[in-house]
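Peer 1: As a plain string of letters, each chain reads:
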Amino acid sequence: MVLTFVGATGTYRMAQQASWTKKDLTGIEELSRAEIEFLFQQADGFLPALAPGKGLDLMRGRTVVNLFLEPSTRTRTAFEISAKKLGAEVVSINTTASSLVKGETLRDTAMNIRAMGVDAIVMRHSSAGSARYLGKVLDISVINAGDGAHEHPTQALLDAFTLRQRFGKVEGLKVTILGDILFSRVARSNILCLSKLGAQVTLAGPATLVPASLKEAFPQVRIVHDLKEALKDCDAVMLLRIQHERQTTTHFPSLGEYTSQFGLNAERAAWLKPEAIVMHPGPINRGVEVESEVADGPRSVILEQVRNGVAVRMAVLHLCTGAISR
Amino acid sequence: MNPADNSPLWIRGARVIDPSAKRDEAKGDVFALDGKFVDHLSAADQAKARVIDGQGLVVAPGFVDLNCRLGEPGRTARETIRSGTRAAAAGGFTTVVTMPDCLPAADNIGTIQLLREICARDAAVRVLPTGTLTKGHEGKALAPLGTMKKAGVVAVTDTTSGVQNNEIMRRALEYAAMFDLVVLDHCQDSSMTEGGQMHEAAWSLRLGLRGLPRAAEEIVVSSDCLLAELTKARIHLQHLSSGGSAEIVRRAKARGLSITAEVSALHLLLTDGALAQYDTHLKLNPPLREESDRLALIAALVDGTIDAICSDHSPCTATEKDCEFDQAPFGAATLETTFAAAYEAIVAGGHADLALLLARLTSGPARVLGLNAGTLRTGAEADLVLIDPKTRWTTSIAAQQSKGGNNPLAKRTFTSRIRSTYVGGRLVSGTA
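Line by line, the protein sequences are chains F and U. At position 158 of the first sequence (counting the first as 1) the number is 158 in the working numbering, and the numbers step up by one without a gap. Here the working numbering = 1-based position in the second sequence + 1000.
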């Protein structure tokens, strides 16, 4: 286990992080399988700290800024709790409080935050590529909490961590991602993460949201538009939220039509293998992509995902800030 | 030697390439007197002439650019006529056609006259303004084409806005044809490109960026061909990016339609994969597409389907491009690297020889607008370039003339370079 510290003079340092050299987590694309697995080991070690009243002080004296330029409750809260469980100070900035609405550039906003002596910025932004951009601009850690339709790496990590917890390993699993793939950063990160860990990914949903051209972008995936075909032999189905706010043009006729074709109800869940699980990154549109009977049923691991999200984000914050020598 | 010197000019012993006269001499001389090309110099003129040793160099007509933006009026942080025309000269361009989407838009004679006054004061090369096709390039009401023609516009265009309504485009074409004004069209169906950031394909899907599909361009290329047939007006298709567009133009030309087309050097050299790191400098409209498009555009350029190579020079400040990808403006500052980039793609790439490349930079674009430029013919303005076809050089933002901080080819090494540029027999860039 790596969680041993040296020195006790107020600043704590990790003993060895040789397996992790990245100050930023901007996407799954940049991670190797070994790095993902190392991060999971770290997250395993943080699970006991999730109990009420427990916490660590590995990041005591450090400050994490949550720069959320798009609405988010779950991810922002999970990052806040993760940082606090590690003993860090947390400041959260949301869209309305941000000077970006006054026309300040992202670089200027970030440089100002950095000048105040911050150790890490966790950013959610509507622009694809913005986390990578900020990582190049800043010499402190940048953690991507979702950049446009590009990546949401901590979501994919917590999803794979949950699969690993349930099945012992991710290698060889068959995972179906169902819903709005075209506009989903969760889908992109999950395709990359699951593939790197050796799972087989099937993408399913209406042809407008799951276009055949995705196969050119991600040759390792299978694309199906038939729900039964997509569900029948998978080990896990990841439901994606139907994102009204990202569809500037019509990609399906109505929510009702979506539900009638692709919504997961008890009857359709019966097509799944007995041991198959149902996942969802939240927030759930109950009655649209999934009915409550399934979302709250025995197959659902949705709340485990949420819980694991804290441990995984603790590992991300700890590893990335630890990669900067000071 | 005084660069402003207008004594007789004698370029001696250079490879002379003049596509307008199908001339390609391994070793020849070019003479200019009083700003015009002449057949020979008298003994007296020879005695006082500036003699340039052309050994190892190529002399060609000054290049003609059909598509650039020089900042003024209104966008002087990006470029000025002074900086932009010096960039043009450094890139070998002696005649440049500017787009009318300045501030205010060139949709009235006042703006055209202002532009001409600034040019008379500051320009290092010949600047030919265009006017908008519709007021404010909004695609709603016709701009005063007749009066703008009198004020000196050489063509009309709504540039990147395009004209989205076919009925307005049809009437605009008929009206423009009355004044022999060529309509330059940026072919894009905006209903298919809302929020689009790059070519729609595997890379846009990986990067999570909204796409500009080929079909959005090809639909308008097709409708322009149909409207050219209906109205008999002259349409020039700006900066084609899709291989499919080139094929549509090839068929239209085969049917005898008076359609012409251009391509930017960047589209001949690069593809969408270059955007893998969200480089805002490569955010172009139309976007860089795939290798199959690049090769189809080169083939169309070589077989004459595409008439001209343009710079599509669209300078921005470094600050404007230093931001999130989807918030960056489109465009690149390219005047100084257009020749080198096209040389690398076409000649070094083994697709055609230097003479063909020069044809698409000189006589090709001149013919599109019927300009008396891009030629070494006796009596023409003595606008010429001296090219060093075998020199390695590395571009840099610091060394460039343009104010544009957005040259995606900065820090790139090329194998061919413009050595010097003359306008009306006067040296405007490079060494004498």
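Source of the hints: derived by calculation from the structure; they are not laboratory data. Idealized CB from N, CA, C, for every residue including glycine. One or more hints might be untrue.
[Claimed, not checked] Sample of chain F residues at the chain U side, in silico, Cβ under 7 Å:
no. : residue
1   : E80
2   : S130
3   : G148
4   : G198
5   : T202
Peer 1: With reference to the structure, classify each hint as holding or not holding.
Peer 2: Comparing the hints with the structure gives:
1. E80: Interface hint status for F:E80: violated (24 Å vs cutoff 7 Å).
2. S130: holds (5 Å)
3. G148: This hint holds: F:G148 lies near chain U, its Cβ roughly 5 Å from the closest one there, short of 7 Å.
4. G198: violated (20 Å)
5. T202: Violated. Min distance 17 Å.
The structure does not agree with the numbered hints 1, 4 and 5 stated previously, though it agrees with the rest.
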